[in-house]
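Given the coordinates of chain A, work out where chain B should sit on it, guided by the hints.
If you're matching them up, the sequences are chains A and B in order. Its first residue numbered 9, the first sequence is counted upward by one per residue in our numbering. Its first residue numbered 148, the second sequence is counted upward by one per residue in our numbering.
Simulated from the structure, these hints should not be mistaken for laboratory data. On a predicted model such as this, the values are computed, not experimentally measured, just so you know. Backbone N, C-alpha and C define an ideal beta-carbon position, used for all residues, glycine too. Hints are supplied without guarantee of correctness; some may be wrong.
[Said to hold, decoys possible] Residues from chain B shown here face chain A by an in silico Cβ test under 8 Å; the list is partial:
1) 266
2) 360
3) 440
4) 558
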Amino acid sequence: MFSFHKTPRLLASTCCGVILASMPILGAAEPTGYYGYGETPTDEQIAAWDIDVRPDGKGLPEGSGSVDEGMTLFETHCSSCHGAFGEGMGRYPKLAGGEGTLTEDRPEKTVGSYWPYASTLWDYIHRAMPFFAPQSLTDDQVYALTAYVLNLNYIVDADFVANKETLPEVVMPNHDGFTWEDPRPVVNNERCMKDCKEEVTISDSAAGKNLTPSTTGPLDEGITE
Amino acid sequence: MLGKLRRLNQDASKIALEESERLPSEERRRFLRSGLFTAGGAMVGGALAGIAPKALASTQYPPEIPPWTRSLGAGVVTDPYGVPSPFEKDVIRRNVPWLTADEVSSISFTPLQHLKGIITPNGLFFERHHAGRPEIDPQQHRLMIHGLVDRPIILSMEDLQRFPSVSQINFIECPANGGMEWRGAQLNSLQFLHGMVSCAEWTGVRLSTLLQEVGIKPEGKWLLAEGADGAAMTRSIPMEKALDDVIVAYAQNGEALRREQGYPVRLVVPGWEGNTHVKWLRRLEVGDKPWMQREETSKYTDLMPDGTAHGFTWVMEAKSVITSPCPEMPLKNKGIYQIEGLAWSGRGKVKAVDVSVDGGQNWQQAQLREPVMSKSLTRFALEWKWDGNPALLQSRVIDETGYVQPTLAQLKSVRGTNSIYHKNAIQTWKVNGDGSVVNVQLS
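Isolated chain A (complex conformation):
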């Protein structure tokens, strides 16, 4: 059984900022199942809700889908918002393109240019798309759409068939573009109190830019970009 790890914590009184003794919040570690509330789910129940997929492929179901099948499905279910080639309509997200733009002034972060893992694409389409009918696609359809979006980004060839073996093998172009450790704090401002700088220059002002919706009266609807 897992032995419970307790973080000792400091309680500070709110009245005078005095630090009281180090006090654990919890009482003695109760054993697993101590309260015994709720029900035990069956394996089928767990499987039905356990929809997450990891980069190593854990969570990917049986089934498969090809780039070709994905193209037809994309046209029907996705292109109205994301564009036939994933170029994005209006303010809906762009799903393809943007390679090499991450250091540019206006980077385009897409599945192809930014996403580090292909598994995320399967997971996200399955859980949240199409936007107005989430979790309405079959597993085969999700495989096909994943294959198509990867192909739109030139990550897989036109004959690619996505399934639980092939998908975890796909290495995304920006796979190495991330650090998964927070480097902050990275800015060290000093607490200077007097004569901290020679001069003060205003570099920009929001005055007259006319981008701010009204903060009195009814909600603004009319403002456009």
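Same frame as chain A, now just chain B:
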């Protein structure tokens, strides 16, 4: 009379008018002369039309006796669930229509300029939905805890509320708060610049209690939290944080969570990015690795100028902002003002706040208002005599780790202008000679 009043009591001025009709004619003339109503009963001055009373000189000044003193008010349970005075109708959440493609995946901002103290009223707590606000019947809702555990469970909301509860006051801030301003000053409003932070007392079950109940297997190092909304929102949370101060909350400021805040149950992950506080929580899975979900790869990662990105930047670093004066709350005439604002840190308590009136050349330590709590909003104030000249107001928080809130120039020198998230820079308000206040950036 009472029955009649009761029918009319939604509208205080109508009652006042009724009352005036009962008055002897001499008094009635005086009442009407007081200026709130014309003889025909139409409103003068727009109080009914909702113009804030402060915009008008009072017509109910001594020796007048106001109509509300000469009449009966609304009875109890006129509003079985109380609502703010109609005169407060401008104090609402607002959105920036051009910001997002669709209102169901969008943001609304808390009107910080109108709030007092540190608690955000439930109806004004900022909103961020990715697939709209679902309408969930708590009787139907279930929370499943499974994965690398000894004893998976499905809990009803009733089951959940039987566990020992805790209450704690914590802020929640969207890491994109202020994110439109990296390239320059755009919005001229405290509400739209900083209103993606709010603070409430949360009540629920400590996540460690639930994890102890299911028994984590030794290789269980990560937790996936998932929402029941159409986005099925997910975030991976390391076990160390999960066992520290996270709560599975079902109440907010003493009442059930608002639907916008995850009714009937949400995660509260003190001090961390708002997005990790998964709303409409339906599932907690224990695993041995993070899941690398869309919201922790495509979104909520910080792009640096060299093209690499930082992921898992969960903590909301210390930040402060002056809430009065601000663009919505200009100064009037010269004289003494209390400069007030809010400060907070995701790493613990606020230790001090300094205020500058000359664009950061000189600073004075402000007074912190009690209570000062960890990972909570903290209110500060500094008395200032405005001489009528232009001024550049700033606030700078120092948290208990010694971290000093950075300037925008310092942040940009490290992060460039494309990281969207975690812009916790010092805000500058320019006070003009006429007392108006403008959002500016300094070089």
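(Q) Tell me the numbers of any earlier hints that the structure contravenes, in ascending order. (A) 1
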